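Just so you know, numbering that gives the first Met the number 0 puts 13 at position 14 of the sequence shown, and the rest follows in order with no gaps.
One should not assume that every hint holds.
Cβ-Cβ distance ranges computed for the label pairs, FRET-style [as the list claims (entries may be wrong)]:
| # | residue 1 | residue 2 | range |
| --- | --- | --- | --- |
| 1 | R12 | K73 | 36 to 46 Å |
| 2 | K57 | T78 | 26 to 36 Å |
| 3 | G36 | G92 | 46 to 56 Å |
For the record, the hints were derived by calculation from the structure and aren't laboratory data.
In this text, all values refer to a predicted model and were calculated from it rather than measured experimentally.
Idealized CB from N, CA, C, for every residue including glycine.
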Amino acid sequence: MSDVLHRTTKEQRFSVNTPDYSVVDWIINPDLSGVTGVPKKYWLITGDVVSEMNQAQKDVVDGVLLPGQKTTKKASLRTEGDQVITDQGYTAGKQRSLISQHTKRFLGLTVIPFH
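Using the sequences and the hints given, assemble the complete structure.
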């Protein structure tokens with residue numbers, strides 16, 4: 000009996016009959032010592048080696064944007080927001096407030112609702 004780890008889903012199964020598990024999809028008796036205490040979403044599987052992702056890889060998994068990406072995304076949101084707000088006929092002040100709220104929400108900042 001062996002333990003197995005699915006290469007894609009990272010599902011673990013314990014004390015299984017190894018002939019039932021293809022080595023194409025499963026790692027047989029994986030060494031998980033390099034990922035002790037690390038959430039599975041940060042496990043990197045290369046061949047039969049399971050290791051912890053570096054910070055850049057973790058950021059991709061978490062959807063974290065780098066400063067340059069934030070600026071680009073912010074400009075894109077502003078353009079889209081401008082079009083929607085203009086179509087609605089809002090005043091300039093309300094437009095700025097709505098754009099600010101949506102930008103802050105996207106960046107994960109605290110947003111005070113507009114009334």
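Here's how the hints hold up against the structure:
Distance hint check: the CB atoms of R12 and K73 are about 44 Å apart, consistent with the given range 36 to 46 Å. Restraint check, K57 to T78: a C-beta distance of roughly 30 Å satisfies the suggested window 26 to 36 Å. Distance hint check: the CB atoms of G36 and G92 are about 50 Å apart, consistent with the given range 46 to 56 Å.
When each numbered hint is compared with the structure, no violation occurs for any of them.
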